[in-house]
Amino acid sequence: MTNLKVDPITMQVISGALDTIAEEMGHVLYRMSFSSIIRESQDLGAGLFDKNYQTICESESTPMHIGSIPAYLRGVEKTLQDGGWNEGDVVVHNHPYYGSSHTPDLAIIIPIFYKGKLVGFSANTAHHIDIGAATPGLIIDVGDVYAEGMLFAGLKLYEKGKKNEGLAKMITANSRASVQLMRDIEAQIASAQLGVTRFQQLLDKYGEDFTFSAIYQLMDYSEKMLRNKISEIPDGEYRAEGFLDDDGRNRDVQLPVVVTVKVKGDSVTVDLTGSADQTPTAYNVPFEGSCKVAAFAGFRKLLLDASELEVPIPSNEGSFRPIDVFAPEGSIFNPIFPAAAEARFTQCNMMIDLIIKALAPVLPGKTIAGSSAAISFASYAGLKDDGDYWVFLEVNEGAYGGRPNSDGPDSIDNLMANTRNNPIEDLGMHLPMICDRYELRDDVMPGAGKYRGGIGVVKAQRVLTPGFITHESERHTHVPWGAFGGSEGAVGKCDIYNYDSKDDVKSMPSKFSGYTTKKNDVMAFYAPCGGGYGNPLERPPEQVREDVLDDFCSVQHAYEAYGVVLDESLEIDRLATAARRSEMGG
Amino acid sequence: MARIGVDVGGTNTDIILETFPSDSVGAGTFRHKVPSTIQDQSIGVLQGVLEVCDKAGVKRSEVSTIVHGTTVATNISIEHNGAEVGMLTTKGFRDILHIGRHKRPHNFSLHFDVPWQSNPLVKRRYRIPISERILPPFGEVEVSLDEEEVRQAARKFKEAGIKSVVVGFLFSFLNKDHEVRAKEIVLEEIPDAYVCCSCEVVDAMREYERFSTAAMNSYVGPKTSLYLTNLERQLKENGVDADLRIIQSNGGLATVDSCCEKPVNILMSGPAGGVIGGNFFADLDEEKNIITVDIGGTSADISTLVEGDIKIMNPRDSYVGGHPVMVPMIDLITIGAGGGSIAYIDEAGGFQVGPRSAGSMPGPACYGRGGEEPTVTDANILLGRLDPDQMLGGDLKIDPELSYKAIKEKIADPLGMSVREAALGIIKIVNNNMALAIRSNSVAKGVDPREFMLMPFGGAGPVHGPALAEEVNAKGVIAPPAPGITSAAGLLTTNLQYEVTRSYLCELTSIVSNQAESLQLLLEELDSEATKKLVKDGVEPDRVKLTRYAECRYHGQGFELRAEIPEGELSQSAIKKVVENFHVQHDTDYGYRYDEAEVELVTLRVVGEAASKTLEWKELEKSSERDAKEAIMYERETTFAVGQSIMTPRYDREKLLHGHVVYGPALIMQHDSTSLVPPGWNASVSRFGNLMISKNKLTYGE
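Chains A and B, in that order, give the protein sequences.
Here the first sequence is numbered in the working numbering, starting from 363 and rising by one per residue.
Here the second sequence is numbered in the working numbering, starting from 7 and rising by one per residue.
Calculated directly from the structure, the hints in this document are not laboratory data.
It cannot be assumed that every hint is accurate.
[Stated by the list, open to error] For lysine-lysine, the following BS3-like pairs were computed, each having C-alpha atoms within a straight-line distance of at most 25 Å:
(1) A:Lys591 / B:Lys416
(2) B:Lys416 / A:Lys586
(3) A:Lys567 / B:Lys701
(4) A:Lys868 / B:Lys97
Hey, can you work out the whole structure from these sequences and the hints?
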């Protein structure tokens with residue numbers, strides 16, 4: 363009986379309670395964690411799920427995690443140790459061919475029993491700094507999924523409340539950062555346990571049938587909100603294409619990404635047919651746990667923009683239902699076992715950027731110009747004096763494309779990414795690294811437009827011991843596009859040099875694995891800049907001047923891209939500006 | 007030696023005057039309320055101070071102390087009208103304030119605003135990079151400060167007319183020489199500038215948070231200090247030669263001088279008085295575990311006090327206007343739920359209340375000022391929980407028909423429910439929103455509300471009390487004697503207080519002896535620094551009370567929790583105690599402790615306090631009997647939670663004496679507030695005039 367009538371008032375009460383539970387789970391997890399990728403970057407997700415693996419609620423942490431846990435749960439069903447759930451079990455799972463988002467994102471799952479009966483799951487996922495892959499932290503250029511490190515499929519770390527010490531020892535023995543790994547897993551367990559307790563309290567208060575009735579109606583509510591928005595888009599097929607730099611091994615072979623958005627009534631299909639075949643490296647996207655999740659997130663951003671909703675929609679299964687995703691088996695978005703598939707982020711972000719581009723003609727007021735749509739995910743590692751590894755994972759930000767009513771934000775996590783940076787001072791105090799530069803790029807200009815593109819960051823990190831760097835980024839060759847007359851942005855780049863010989867610069871590809879560093883080597887990452895939105899000549903000269911005063915725009919760029927002429931004291935030369943703009947066709 | 011508390015709110019400025027036997031009018035308390043003057047708060051403050059003196063017949067010269075709760079600094083940060091600020095920062099790091107923590111405010115949005123980019127505390131053109139470099143982890147100088155660059159930058163600021171400058175260099179928490187020297191040079195070039203160093207404002211690791219805090223200080227500094235010094239002068243010019251004290255965000259008082267130097271400390275001055283006032287009135291009747299809920303027109307401030315202890319937030323969690331501000335603030339949360347919160351149906355048919363508010367213009371529909379949307383106040387009017395002819399003692403004109411119309415048209419008809427059901431729904435949803443916030447400030451932190459009394463105040467507070475208490479399972483409600491001026495009264499009950507901090511990273515579990523010695527020295531320094539500040543304000547050294555905290559984490563974690571440091575010398579056993587205190591705090595907050603992990607100290611914090619004179623609140627006369635029939639004014643119908651409408655007597659609170667018990671259903675009326683006693687509940691009047699409202703008979707004051 364889960365179709366009881368729930369009055370609209372109690373509905374709000376239960377919805378609020380579910381949100382609070384998910385937020386609390388996320389909060390406990392990042393507050394308790396030890397590795398900076400969880401505690402500072404908050405690369406995690408947490409929530410509650412019903413018996414059929416539908417999302418009841420999920421924390422507002424990192425979008426890539428939101429919506430991935432149902433796929434983990436479906437994978438666990440196929441692989442569960444002993445084949446059944448008992449009270450007190452704690453399952454660890456990360457197998458990308460059984461639903462995980464990618465191998466470093468370990469899920470901790472605790473079944474929720476109520477009055478002796480399984481009613482759902484409390485679970486979270488978090489990115490761990492090292493699970494014993496071929497290279498420390500991150501991996502790209504490896505041959506198969508076994509090189510990604512430990513694979514957990516439906517394994518019970520606790521069985522009926524009793525810890526599986528053998529499994530714990532095995533995990534400890536197979537990570538370069540085993541102390542952090544185990545402690546972060548314990549933080550995940552504390553977070554999931556909290557979810558169990560809170561959900562049981564909620565069931566006590568409202569009764570099982572009534573609570574689940576409300577939960578399912580909330581799912582329907584979220585679904586309806588999204589379907590309403592989809593049905594406003596004219597039926598049809600909308601296509602956009604882009605490409606990726608390379609697969610991390612075979613340089614100069616670009617990989618196409620083709621997105622066809624098929625809108626029919628209040629449903630939509632994202633068809634990735636035409637995209638590249640799966641790659642021989644780890645540059646592939648697990649279909650269930652990552653590819654589909656990215657498509658869900660893309661539409662939620664585009665159609666249910668949180669900054670424009672008076673109240674947030676409940677984060678649950680309903681927002682996934684109207685969206686179907688298709689990627690041919692054996693393609694980069696749906697690889698076949700045992701292809702490696704750890705480095706999957708930039709493809710997902712490109713997919714979202716292309717969904718936005720494809721729909722631009724029919725949604726001009728909602729879509730934006732091309733964003734950095736990449737990520738910079740760097741792993742720095744080395745050996746400490748005592749022989750132990752140190753590993754640091756860093757997510758660097760991107761920049762947004764210009765928007766219908768505002769400039770693209772500068773230097774901020776883009777699309778699927780939404781982590782926090784690691785403070786430079788925190789880094790310097792704890793690891794043998796020093797940040798040498800962290801500010802907006804000044805070597806290129808972002809896309810010009812009525813609303814300009816966002817400016818990418820430059821971050822230069824120096825390592826103080828010999829070691830390794832692996833870097834997963836994108837868009838060294840494919841420049842973010844302008845929209846509705848805006849000009850294109852700027853590509854990213856990455857340099858490595860030594861602090862003691864700064865002129866001897868080695869230009870790096872966007873993705874590289876296990877690069878051996880010497881003491882004082884510096885990696886300088888330059889993020890792509892967003893494209894412009896709308897005709898640059900429609901940008902008021904006063905605004906262009908403001909940008910020049912702030913060094914967001916050079917005097918030369920003001921002249922060339924915006925037709926704004928500034929005199930020596932940086933005042934607008936009205937006559938010359940009018941002449942220049944008319945010459946440019948404004 | 008009369009004292010005045012002045013609390014400036016969004017709508018009204020509340021004033022309380024306390025006189026003593028030595029004063030011309032003898033001992034007593036007087037209350038007053040004037041409309042807030044939003045453009046310049048000091049006008050209303052001055053008016054209120056002068057009027058309350060006249061009203062009480064007290065000579066202006068008799069006022070010895072004025073304690074002020076102000077939203078002036080908060081409003082500058084909300085309205086973005088602070089000073090044009092110049093910043094000197096480490097070369098290569100010009101945009102720390104622009105990038106922030108590079109996380110978007112929303113996960114699912116393309117059109118989001120980024121407050122620190124769209125409304126920067128320092129424009130990029132005035133962030134000038136300077137050659138200098140200090141290295142971790144010991145603070146040695148890699149590149150020495152380029153003094154000529156600093157001088158050139160200062161001249162550029164001067165040319166641009168900039169009078170407020172912040173110096174923020176990386177790793178200044180390890181070595182502040184560069185920041186301090188740069189400040190000297192700026193002052194040489196612009197002698198009348200308002201200049202602050204990031205390490206002076208907050209000596210803590212994490213560049214963005216430290217720079218942001220210091221930049222906020224520079225941003226609100228000039229205007230806030232102008233406001234405070236003006237107010238001080240105007241009071242003097244009008245014959246009020248009193249010590250002016252300001253309540254800080256942490257609840258402690260500070261002098262005008264000190265607030266001018268660190269205005270960032272009074273960003274949350276406004277709500278602080280309420281928490282303290284709530285605590286004061288509960289404490290009179292020896293209630294130690296309370297949840298204060300200060301309900302205004304647009305928002306509610308909620309704070310949980312365990313054992314009478316006002317909890318100070320982890321500075322890492324403090325944000326103002328989207329900017330992190332690492333200063334001690336009372337742990338309270340503000341949510342958009344109040345009397346003016348608007349009820350509406352969203353596009354998918356969801357029933358919502360707030361956070362949008364009708365404010366005071368147009369205000370609730372029943373005010374008849376053109377508001378057509380139903381608000382929480384309209385629902386209360388419709389349900390007979392507020393009497394239209396008694397609002398502000400009848401001074402506020404109310405048309406209940408307009409409430410009915412708004413609720414019917416906007417809620418009841420579209421949802422197919424009766425108007426009464428809709429009104430009950432509005433109350434239930436807004437109460438629920440508040441209840442969720444109460445839980446996140448209590449249950450979510452391991453506090454069991456069943457051991458707590460809920461204390462609602464602000465004029466609109468007590469009418470929501472019982473429902474909120476029931477929703478969060480609190481054991482009962484305390485309606486303080488004067489709900490409308492609880493915050494102002496709180497100002498007369500708090501202490502002079504200063505906090506000083508020092509960033510010092512070291513392992514505590516396996517501390518080495520030379521570090522233990524450094525720690526001891528640092529702690530002594532901090533102790534004497536805090537003491538000195540109080541002595542400077544005229545406190546006798548032996549009246550200074552010091553509380554010391556180690557802000558710790560497990561080595562490798564990113565968030566610190568506070569562990570108290572035992573009094574006296576920092577011996578090995580004292581350090582062991584700190585470590586254990588931390589384990590316990592971690593277990594309390596997160597439900598887990600890592601016994602094997604190393605405990606790391608991040609920041610030392612010393613809070614110095616000197617007890618002020620506390621408000622003397624008179625006991626009520628003892629009633630000879632429990633029955634309070636004589637206080638009944640009249641009866642009307644009131645609708646309660648389950649929907650039944652009952653003929654309900656109204657009691658005049660002025661006539662209630664200690665020991666009286668009012669049985670629900672009842673409404674207890676006073677000038678600026680109505681307290682609700684639902685059927686099956688009762689309210690007993692305590693010794694000091696608190697109404698103890700609960701389902702089970704209480705014996706307070708007997």
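Right, here's what the structure says about each hint:
1. A:Lys591 / B:Lys416: holds (23 Å)
2. B:Lys416 / A:Lys586: holds (22 Å)
3. A:Lys567 / B:Lys701: Answer holds: Lys567 (chain A) to Lys701 (chain B) is near 19 Å, not above 25 Å.
4. A:Lys868 / B:Lys97: holds (23 Å)
When held up to the earlier numbered hints, the structure conflicts with none and fits them all.
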